[in-house]
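Engineer: So the protein sequences, as listed, match chains A and B. When we follow my numbering, the leftmost residue of the first sequence carries the number 1, and every step to the right adds one. When we follow my numbering, the leftmost residue of the second sequence carries the number 263, and every step to the right adds one.
Keep in mind that a hint or two might mislead.
Chain B regions said to be covered by chain A (calculated; three or more residues, Cβ under 8 Å) [to be verified]:
| hint | segment |
| --- | --- |
| 1 | 271-285 |
| 2 | 362-375 |
| 3 | 378-389 |
| 4 | 418-425 |
In silico DSBU-like links for lysine-lysine, alpha-carbon gap of 30 Å or less [as the list claims (entries may be wrong)]:
| hint | chain 1 | residue 1 | chain 2 | residue 2 |
| --- | --- | --- | --- | --- |
| 5 | A | K78 | B | K442 |
| 6 | B | K384 | A | K122 |
| 7 | A | K122 | B | K425 |
| 8 | A | K180 | B | K442 |
| 9 | A | K78 | B | K379 |
| 10 | A | K230 | A | K180 |
| 11 | A | K122 | B | K296 |
| 12 | A | K97 | B | K511 |
| 13 | B | K379 | B | K303 |
| 14 | B | K379 | A | K117 |
| 15 | B | K474 | A | K7 |
| 16 | A | K107 | A | K169 |
| 17 | B | K296 | A | K180 |
| 18 | A | K220 | A | K180 |
| 19 | B | K474 | B | K425 |
| 20 | A | K212 | B | K340 |
| 21 | A | K117 | B | K474 |
| 22 | B | K474 | A | K122 |
| 23 | B | K359 | A | K7 |
The hints are simulated quantities; they were obtained by calculation from the structure and are not laboratory data. None of the values given here were measured: they were computed from a predicted structure. Built from N, CA and C at the ideal position, the CB exists for glycine as well.
Protein chains: 2
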Amino acid sequence: MPRYVLKLEYKGTNFSGSQKQLSNIRTVQGELEKAFSTLTKQNIRTIFSGRTDAGVHAKGQIVHFDVNSCNIDFTDNKIVYSLNGLLPVDMSIAWIKLSNMDFHAQKSAVGRFYRYKIISRKQRSAFDEDCLFIRENVDVEYINKALSFLIGEHDFSSFKKVKTSNPAKICKIYLAKCHKNNDEILIDIVANRFLYGMVRTIVGTILYLERKSLSPESLKDILKCRNRAKAGPTASPQGLTLMKVIYDKNINMEMAYENIFS
Amino acid sequence: MPRYVLKLEYKGTNFSGSQKQLSNIRTVQGELEKAFSTLTKQNIRTIFSGRTDAGVHAKGQIVHFDVNSCNIDFTDNKIVYSLNGLLPVDMSIAWIKLSNMDFHAQKSAVGRFYRYKIISRKQRSAFDEDCLFIRENVDVEYINKALSFLIGEHDFSSFKKVKTSNPAKICKIYLAKCHKNNDEILIDIVANRFLYGMVRTIVGTILYLERKSLSPESLKDILKCRNRAKAGPTASPQGLTLMKVIYDKNINMEMAYENIFS
């Protein structure tokens, strides 16, 4: 009974989130398991590194699955071609590898890297996709100053979705920075874990504070309150992408981040 | 009665081409004129630099239109915001300028620059869009060699859509080159005019010749035949984008091409 691990990409736009639902709605996990079932004639249960919300994208979602009796070698490129042929165009498998049985896509993860993309330009473009479009100028220095107050281990209750039931609110942010390429503004956050809606609430709050000409230090005060009502609005999901899940316990998080495209 | 000129962008995927049709199908021109009519309460007729096929994109389509009695200043950024607010998300206006009455979006054009984008990679990705995905390696040198035979003034009958009725088959290609950025292969062609389906048939034929291990010189022979039946298949429209329309008679075409993003 081998265990496999795969890297999954998806455009979240037309999915009701990653997690399979009992009802008949379109989810990433539902479509993935459907493709597996067509290929293997087995029900294969997949475990994701974490769930992503409706509309959120992934370029580096990690998934593991176990296979019972099955003479398919999932590490064969041709099997991945077949699976990508079966999957809808808005999701794809980059690779599948054999893994140890003690690897767990969710529990073994030590870091997650999310990127929020903003386009700031006078006029929107038909080609603005997977981003939040903002007509106003966005001050990258302001955002970086605000983000700096989040680094380290904190209770992030102020930035969770109100309806979250998970009682653990402590996350450790390793890296949070904003950079600009022309009209594209990227906000990158690497943490050991994230609360539900956390990146989007952080981004929405910083943009709100900037718009209201409040100081970037206000973010520190909001963090301390541990009260969602003190934070700003949740930025829309289409700007958010899960870029990478980090499993190497010994890695320097800054380095893991820098190596994202290598 | 002022004349205006505008730059239009659209993702062709969900349009039945640029040109307005009598029936109720979704076209770029149809949607643009609908937005104008909503804003101005007038029927405004738009003239495009040229039509693009169903599925073909544009980042630099040029359109002119005349306005009768109307106290709207179309060059006001806020009017462009309004129009972009009225337009569907897969099309947008980059700018609107006042123009001379002797300017004509189609007839004044002296050059057009089309780009065909290919992604060549082992596995397709959910983020491969506006491109032709090819699993096999693509030889950029081979493509450049083949393209070199097209430079200059030729009868391009071999590369037109069979059903074209326009009797003028002579086009002058100023520039045709292929370059590669990682797994992205871009084929750029600048000409005074293009026949219907011409770029896509050139691309489809070159890829076909390469696949069949025929020499790039074969493209020269196909060109000389002036017979569509001698050419290869038409590459799919989703890879093609109208990048720029050139109006300056005195410009060096190579320079106009290099300046595309400036």
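Engineer: Hint by hint, say whether it matches the structure.
Structural biologist: So, going through the hints one by one against the coordinates:
1. Note: the segment 271-285 of chain B has 3 residues with beta-carbon separation from chain A under 8 Å; the three-residue rule is met and the coverage holds.
2. For the segment 362-375 of chain B, the stated coverage by chain A is violated: 0 residues have a C-beta nearer than 8 Å to a C-beta of that chain, whereas at least 3 were required.
3. Coverage of a stretch by a chain is defined here by at least three residues with a beta carbon nearer than 8 Å to that chain's beta carbons; for the segment 378-389 of chain B and chain A the count is 6, and the condition holds.
4. Coverage of a stretch by a chain is defined here by at least three residues with a beta carbon nearer than 8 Å to that chain's beta carbons; for the segment 418-425 of chain B and chain A the count is 0, and the condition is violated.
5. Proposed proximity of A:K78 and B:K442 is supported: the alpha carbons are some 26 Å apart, at most 30 Å.
6. Restraint check for B:K384 and A:K122: the C-alpha separation of about 38 Å exceeds 30 Å, so the hint is violated.
7. Between A:K122 and B:K425 the alpha-carbon distance is near 42 Å, which puts this suggested pair outside the 30 Å criterion.
8. For the suggested pair A:K180 and B:K442, the alpha carbons sit about 25 Å apart, so the restraint of at most 30 Å is met.
9. Distance hint between A:K78 and B:K379 is fulfilled; the C-alpha atoms sit about 25 Å from each other, no more than 30 Å.
10. For the given pair, A:K230 sits about 28 Å from A:K180 by alpha-carbon distance, which is consistent with the 30 Å threshold.
11. In summary, the hint linking A:K122 to B:K296 is supported, as the alpha carbons are separated by about 23 Å, within the 30 Å threshold.
12. Using a Cα cut-off of 30 Å, the hinted pair A:K97 and B:K511 is violated, with the two alpha carbons roughly 57 Å apart.
13. A hinted pair counts as satisfied when its Cα atoms are at most 30 Å apart, and B:K379 with B:K303 does not qualify at roughly 39 Å.
14. About 24 Å separates the Cα atoms of B:K379 and A:K117, which keeps this hinted pair within 30 Å; it holds.
15. A C-alpha spacing of about 34 Å is found between B:K474 and A:K7, which places the hinted pair above 30 Å, so the restraint is violated.
16. Under the criterion of a C-alpha separation no larger than 30 Å, the hint pairing A:K107 with A:K169 is consistent with the structure, at around 17 Å.
17. About 36 Å separates the Cα atoms of B:K296 and A:K180, which puts this hinted pair outside 30 Å; it is violated.
18. For the hint linking A:K220 to A:K180, the alpha-carbon distance of about 23 Å falls within 30 Å, and the restraint holds.
19. With a C-alpha separation of about 27 Å, the suggested pair B:K474 and B:K425 falls inside the 30 Å cut-off, and the hint holds.
20. The suggested pairing of A:K212 with B:K340 holds, with an alpha-carbon distance near 22 Å, which does not exceed 30 Å.
21. Distance check on the hinted pair: A:K117 and B:K474 sit about 43 Å apart at the alpha-carbon level, beyond 30 Å; violated.
22. For the hint pairing B:K474 with A:K122, the CA-to-CA distance comes to about 48 Å; that exceeds 30 Å, so the pair is violated.
23. For the hint linking B:K359 to A:K7, the alpha-carbon distance of about 47 Å lies beyond 30 Å, and the restraint is violated.
Hint violations for this structure: numbers 2, 4, 6, 7, 12, 13, 15, 17, 21, 22, 23, all remaining hints satisfied.
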